[in-house]
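Visitor: One letter stands for each residue in the lines below.
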Amino acid sequence: MNLHNLFYITTIVYFFTAIFYFINLISQGNKFIKFARIVVLLGFLLHTVGLVLWTIKAQHAPFSNMYESSVFFSWAIVLVYLILSYTYKWDILGTFVIPLAFLAIGSASVLPDDYKAIQPLVPALRSSWLEIHVISCMLGYAAFAVSFIAGILFLLKEKRTGKNLDKLPSQEALDTINYKSVTLGFILLTGGIITGAIWANFAWGTYWSWDPKETWSLITWLVYAIYLHARLMRGWQGRKIAWISIVGFLAVLFTYWGVNFLLSGLHSYAQ
Amino acid sequence: MIKKLASIKFTIVLFVIIAITSIVGTLIIQQADVDFLKQRYGVLFQIFNFLGIFDLYHSWWFIVLLVLLTLNILTCSIDRLGIIFRQIISPPIKVELSYITQQKFNSKIKFKTAPNLINDKISEGLEKFGYAVLGKDENVFGHKGAWSRIGVILVHFSFFLILVGAAIGGIFGVKGNIEIAEGEKVSQFYSRNSQIPYPLDFSIYLKKFTVEYYPDTQRPKSFISEVEISEKDKVVLDKKIEVNHPLKYKKFSFYQSSFGTSEKVEYIALTVKGVRNKEVFSFKVKLDEEFNLPKTDFKAKVEDFLPDFAMDEHMKPFSKSEESNNPAVLISLFKNDKFYVSFWAFKNFPEYHVSKGLPYNFYFNDFKQVYYSGLQVTKDPGVPFIYIGSGLLLLGLMFSLLSYYRRVWIKIDKDTIYIGGYAHRNPVHFEKEFNQIIDKFKQT
Chain P
1 MNLHNLFYIT TIVYFFTAIF YFINLISQGN KFIKFARIVV LLGFLLHTVG LVLWTIKAQH
61 APFSNMYESS VFFSWAIVLV YLILSYTYKW DILGTFVIPL AFLAIGSASV LPDDYKAIQP
121 LVPALRSSWL EIHVISCMLG YAAFAVSFIA GILFLLKEKR TGKNLDKLPS QEALDTINYK
181 SVTLGFILLT GGIITGAIWA NFAWGTYWSW DPKETWSLIT WLVYAIYLHA RLMRGWQGRK
241 IAWISIVGFL AVLFTYWGVN FLLSGLHSYA Q
Chain A
1001 MIKKLASIKF TIVLFVIIAI TSIVGTLIIQ QADVDFLKQR YGVLFQIFNF LGIFDLYHSW
1061 WFIVLLVLLT LNILTCSIDR LGIIFRQIIS PPIKVELSYI TQQKFNSKIK FKTAPNLIND
1121 KISEGLEKFG YAVLGKDENV FGHKGAWSRI GVILVHFSFF LILVGAAIGG IFGVKGNIEI
1181 AEGEKVSQFY SRNSQIPYPL DFSIYLKKFT VEYYPDTQRP KSFISEVEIS EKDKVVLDKK
1241 IEVNHPLKYK KFSFYQSSFG TSEKVEYIAL TVKGVRNKEV FSFKVKLDEE FNLPKTDFKA
1301 KVEDFLPDFA MDEHMKPFSK SEESNNPAVL ISLFKNDKFY VSFWAFKNFP EYHVSKGLPY
1361 NFYFNDFKQV YYSGLQVTKD PGVPFIYIGS GLLLLGLMFS LLSYYRRVWI KIDKDTIYIG
1421 GYAHRNPVHF EKEFNQIIDK FKQT
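For the protein sequence lines, the chains are P and A, in the order given. Each residue of the first sequence is one higher than the one before, starting from 1 at the first, in this note's numbering. Each residue of the second sequence is one higher than the one before, starting from 1001 at the first, in this note's numbering.
Extracted from the complex, chain A is given alone in its bound form (with noise of 0.2 Å):
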């Protein structure tokens, strides 16, 4: 059974069914609203809900799968281990003769020189092509890339070190959202398969939410939540959260993820202009705020507000939309007191009047609407194992692919070398290899 679990072929079935179940999940629609995959998939609905199709890469037969794949490393690492390690710290040096002319790889050489003048040389030889030698007298050993095999079990390792920190995010992280409305402060957060909030030690504050644009276009270039952590009332840290620049604190994490304009609006800013006497005045108001017209019997108050102003067919004035396409205020006006009129007043056709012949014009000039910010807050104390696995993932597959682990034996009997070697891998470029210090050795 271990035995099995910890076979190559196994890997490569694991491999083959985790690519195959993955596209599926592709093509298929993931974590969407129950009633709109009813109707998308019919009768395939029931089938597909049962296999967990609809949250594939969450089902319980993929976390298997996955669990699987973990294991599989795990024990093919633990398999590999112990013979890579005896392989390049006690490979075997001496040999016997017929050992090194069954290698795949073998040559030898007659010379004249005496024996012990041409052993130095040969080690000589060896090292300059880049080989460790170990061997001595009669018996020469030379092994050369033995990091490419360490790469191997770094590659594993950091494989199921990353498979590990995915499981240690699955299980304690917490991921959720907040939306916080400028002006606000919020110190719990819903996390998302979860009705009931999750409790923060401290609190955040939006102070200012702005976007930015590029120079003359409407183009978005940054979004900027302005935020300042508090515990205990005090404030900790004031800082900015940007797309690409999170807030860390304690062990949550904090990205702007989306943001709109809540109803309410901070401020109108509106110009009155005397019709008769040509006196004009400013005002920045808030909403339901009464304000006086200097020197007149005459009072003044916005009664409401909408972004995108539209009539249904009552002629009932509603917003259209959230966006400030026809951003339109309702004034009411009052004179010793009493109610006198009432119109709507819009900052895109600012002649526009509906209550004609007033002694005073009304035109609104701007306003400030209260954007509320969307957060993402997540706590995921896998990231570290990722971040590791990952680093030594791209370290151990460099190590082992771009080099191969060789061995080459020397062996002197009487008048003649004996010269065996052998490739790990890459037979082709080992041949070139083995060549060349055949050559050389032939020269010296």
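One chain only, chain P, in its complex shape (with noise of 0.2 Å):
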């Protein structure tokens, strides 16, 4: 079977599962969230074998290219929040999550063919930091993702009343995981940022290059940096928090997207 189809496929059980959520969110109770739960699983199975599949076809990590690094940004956000779902008993956050695991996965679908195709590894990313790096990120990045929707929510919240937004967590829970997922994201961010800088040694005997994607990892670890630090020792908390996490998000995405796009660097393989 071809693999591109599977994703195709993939991107469609997303969709569903966000209609089943966005349904079970303006409707009464909580029945459809039954729906939402086991479609959203039998997605992310889907999407696991794609990925292993691809892996064995490739002889490398689905991460050499922007088609292949969209997929599994996607896969990321699900697992992430598969995880905190679980953990913290977040399953209503999916309503808001899923669209946006939905985006990642549909926006590597739309890529030109070009773009789409199984490629060898150019030599500087034939490297064992090349996992280890592009993991970490992805991981911290999906982890942002949920305290962006966290902070959007949070937000949402304190203009809005109404009984179906009743179904979201508290605004105190809202502000718990956005702490939460900012915490695992800075320290999966801070990873990828030094495994990268060791890759990098290792590369071209540089560790820091002000490469533009570089920068913008760093402008984005800084924007979290802000946060811990005006959350932990300033007692910053609600609606100022949720602001910085929604400002470290599209940090997130520019480092991720923009940077590929607008700008050029020795991250150039990435298109």
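The calculated lysine to any residue pairs, modelled on SDA-like cross-linking and capped at a C-alpha distance of 25 Å, are:
#1 A:Lys1104 <-> A:Leu1402
#2 A:Lys1232 <-> A:Gly1176
#3 P:Lys240 <-> A:Asn1426
#4 P:Lys213 <-> A:Val1013
#5 A:Lys1208 <-> P:Phe202
#6 A:Lys1316 <-> A:Gly1357
#7 A:Lys1240 <-> P:Trp204
Think of the hints as simulated: they come from the structure by calculation, not from any bench. Computed from a prediction, not measured in an experiment: that's the story for all the values here.
Hints are included, so try docking the two chains, each in its own frame, into the full complex.
Guide: Here's what the structure looks like:
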């Protein structure tokens, strides 16, 4: 079976998951969340199988271009969501997190065919640091995506009240979700930057060269460092923290996508 | 002044300034050619140039920001170091009853059992929750997550170490490039911002450079330089340098960074076929090397080699590029040592003969160009600091962020147990834990 088609099906499954979550939100009670939970697991299973088969076929982990990494990013978002929702019972957040995963894998599907083909790795990418660097960054980005959702919902709940919105976690819970996922994301992003630096030192003899991707990852890191200091040392909470987490995720998106399309640099193979 | 430098407010201000100025650096072209920048930025050029924006990350003011951040982290850490150690080494164990009841988390339980028995049960119970129990008798004290406080110190100390490592690299490090052709030996290199060569006390000899391709494709898999390091004409090391696999020798590291073909060719392989008597000769010759066609009056010589043959408007041959897109050789034929004829032979068009009616047809079969390999040379004594700092940073972050510090005081006063709790962070989680502890005590 063509692996691209498998990812198409995954995209469609996530679309329906999002629909179920949405219906659950606007309908009475929490009946549809069961369907959503089953469908999201089905999508995640397909997604995982697809990535494993892709890795076997390409003989490298799916991190070498924008198509592969978007598909993986989507997978990472769902993984982080599943872990968090099972540990902390944050199922309802799927209503907003799953559409993000859908957008990530959907954005990969609409790329031109040239960008989707399996290509052998260029010499610079042939390193065991590739896997650990990308996995760390992507899981970090996914955790930040969850905090972004928590931030948005916090602000939304401040503006409006309503029966449907009552299904969402309380503002206090959203604040906690925000903090927990930033904590996780910050450790992973730090790991991603460090492994990237070590790898760069092996490949180019410079652990830091102020390449746009590196610089933007540092900017992102600084935003979340500000978040943590403001929260832990100055006691910031609620609205201000929600805003920083939104700014932080915009920085993540620019680091991940914006840099590739708007700025050039050493990471240009990521296009 | 020092107090301001050590403040958390100053840290946040520095973070914000560094983040914003870093963004500017990604929007304006860095370290580019002056003429190009003048053309690109016009009137703004003078202002940007004055502010050092064209090499922002190495400008004096950006370095000042980094130095300020380093000092801020150092002073903050020293400031907190004492507090944190006192917090976890000598916490307030014996406290007044009012201290406990004033805590955000507090509760009391009435009991009937004899006090000395209940005391052991309390210590045991706290230990079950992972607390280190310090107090005795009517003052029981337990704390947990002290590692998270040490983690905070570790994070800041390691971040300081990274910045120090960067400074050491910037001051004492050297970076440069070497270009070596196959068969050449080099014992110096040019650093990035200096015209004077940097001498090495050893030499590096390029035996061979190869590009390895993925099977059946034109996609390079690997660039390999086979080199020998010699000291005083004695070979001390024989190694391959590949992308992601640098060579380390003494304090220097050599990285595969580029390659190209030099204009030289190592050999040219030709086949010569007689038109009349169908004789066939094969030759492997160097440029300008004369060779005889055996048992004839003819001699030949390859006069010129062009990797990408083309002609200009005056019909003069030249090479369009260094890529071997259309390799051609200029062959001269001599009869009885006298010039006879000269013509081009093409590797990609073997049947194309410029001089028709020759007694022999020349076929240009193969050639090997001499490659040169571009190596980046680095000496950076700051790297160990960076690596150790990075490792500790990650470790410290895990310690400090995945757990938090909390304390529980228990005081027995007559027939009541007073319990107070304090959490350095994460009050939501601690509230749950605190209630669980109380439930446990109530049961026993």
